[in-house]
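S.K.: Residue numbers for the sequence shown follow UniProt numbering, so the first one is 1 and each next one is one higher.
Derived from the structure by calculation, the hints contain no laboratory data.
Treat the hints with care, since some could be wrong.
Only pairs whose alpha carbons sit at most 25 Å apart, straight line, appear in this in silico SDA-like list of lysine to any residue [claimed, not checked]:
1. Lys161 with Phe48
2. Lys113 with Met76
3. Lys121 with Asp82
4. Lys63 with Asn114
5. Lys63 with Leu137
6. Lys72 with Glu145
7. Lys43 with Leu173
8. Lys162 with Asn150
9. Lys71 with Ile146
10. Lys140 with Leu112
11. Lys217 with Gln280
12. Lys71 with Val44
13. Lys96 with Gln51
14. Lys81 with Gln129
15. Lys217 with Gln201
16. Lys88 with Asp64
17. Lys140 with Leu70
18. Lys43 with Phe244
19. Lys140 with Leu74
20. Lys121 with Lys96
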Amino acid sequence: MASSFDKYQKRKLISSYVSVVISIALVLFLLGCLGLLVINSKKVADHFKEQVVMTIYLNDTAKDVEVNQLKKSLAMADYTKDAVYVSKEEAAEFMKAETGEDFMDFVGYNPLKNSIDVHLKADFVTTEQLAEISEGLSNKAFIEEIRYDNDLVELMNDNVKKITFWVLIISALFTLIAVLLINSSIRLAVYSKRFIIKTMQMVGATKRFIRRPFVWKSVQLGIIGALVALAGMAVVLYYLDLTFPELELLRNTVLIGALFVGIFLLGILITWISTFIATQRFLNLKTDQLYY
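Build out the structure end to end from the sequences listed, making use of the hints.
M.R.: As structure tokens, this is what we get:
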């Protein structure tokens with residue numbers, strides 16, 4: 001009978017430890033994924049901003065020397081990510097491929113213009129910066145027109161500000177929830193041993209002596225849970241980098257490394273504090289209060 005009871009208690013103890021580890025791992029994993037989102041939010045926003053195209057249409061009378069000088073000045077400009085010259089013939093071929101019809105058969109000539117498609121760096125994709133750049137280029141006589149989607153730029157910048165604000169709010173709330181959930185799991189684990197704690201105290205053990213094994217065991221569970229969470233984060237980050245290589249998610253190794261270290265230390269810190277508070281609570285209770 002004693003052997004069966006011991007086995008039952010051992011299984012119950014292992015089950016309790018497993019549930020604590022799973023709780024810690026899941027919470028830290030979700031918190032880590034949110035941290036990855038926060039770290040890469042600007043990079044993702046910049047990627048979409050840099051898809052905005054400013055198209056410079058050139059007069060048919062523009063000389064090759066003037067066009068080449070413009071291309072060189074654009075390539076050297078601080079605001080330029082890349083600039084691509086598109087001849088009117090290339091534009092016609094592109095339209096033909098898109099529509100499946102040769103519009104020049106109906107028109108009789110090619111009405112399109114030679115142009116340069118400029119992708120700007122993300123920091124310059126604002127209404128004010130685009131207007132300033134456009135005004136500076138419009139002074140050249142051989143430039144006929146400059147076009148860009150100003151409404152899209154305004155909408156994108158507004159949405160980026162809103163998303164950044166809410167991501168920070170959600171991150172703060174989720175951090176609080178993570179602390180509360182892990183604390184709850186630790187308290188339940190300690191609660192199941194409240195009679196052992198009180199018995200040790202009654203035979204003369206000091207509070208520090210009683211707390212030490214509980215804190216150490218919880219820290220070990222926190223380390224295991226954090227390692228499981230970090231493994232999950234690494235897998236997610238690896239597949240995201242494979243799926244979206246243009247975002248270069250693994251390029252900023254310092255911030256990613258700091259996030260991983262932070263999640264690991266957070267797992268240890270929360271379990272240590274939660275166990276300390278939980279054991280202290282039961283140490284301060286009277287014997288008859290342990291039944292409530």
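S.K.: Does each hint hold? Answer for all of them.
M.R.: Verification of the supplied hints:
1. Lys161 with Phe48: holds (14 Å)
2. Lys113 with Met76: The given pair, whose Cα atoms are some 24 Å apart, holds under the 25 Å limit.
3. Lys121 with Asp82: Holds. Lys121 to Asp82 sits at ~9 Å (cutoff 25 Å).
4. Lys63 with Asn114: holds (12 Å)
5. Lys63 with Leu137: holds (16 Å)
6. Lys72 with Glu145: The given pair, whose Cα atoms are some 19 Å apart, holds under the 25 Å limit.
7. Lys43 with Leu173: holds (23 Å)
8. Lys162 with Asn150: holds (19 Å)
9. Lys71 with Ile146: OK: Lys71 and Ile146 at ~15 Å, within 25 Å.
10. Lys140 with Leu112: Measuring from Cα to Cα gives roughly 20 Å; hence the hint holds.
11. Lys217 with Gln280: holds (16 Å)
12. Lys71 with Val44: Roughly 28 Å separates the two Cα atoms, so the pair is violated.
13. Lys96 with Gln51: Distance of about 23 Å is within 25 Å: holds.
14. Lys81 with Gln129: Cα-Cα ~14 Å, so holds.
15. Lys217 with Gln201: At roughly 19 Å apart (the allowed maximum being 25 Å), Gln201 and Lys217 satisfy the hint.
16. Lys88 with Asp64: Holds. Lys88 to Asp64 sits at ~14 Å (cutoff 25 Å).
17. Lys140 with Leu70: Satisfied, since the Cα-Cα distance of roughly 9 Å is no more than 25 Å.
18. Lys43 with Phe244: The given pair, whose Cα atoms are some 12 Å apart, holds under the 25 Å limit.
19. Lys140 with Leu74: holds (13 Å)
20. Lys121 with Lys96: violated (30 Å)
Taken one by one, the earlier hints fail for this structure at numbers 12, 20, listed in ascending order.
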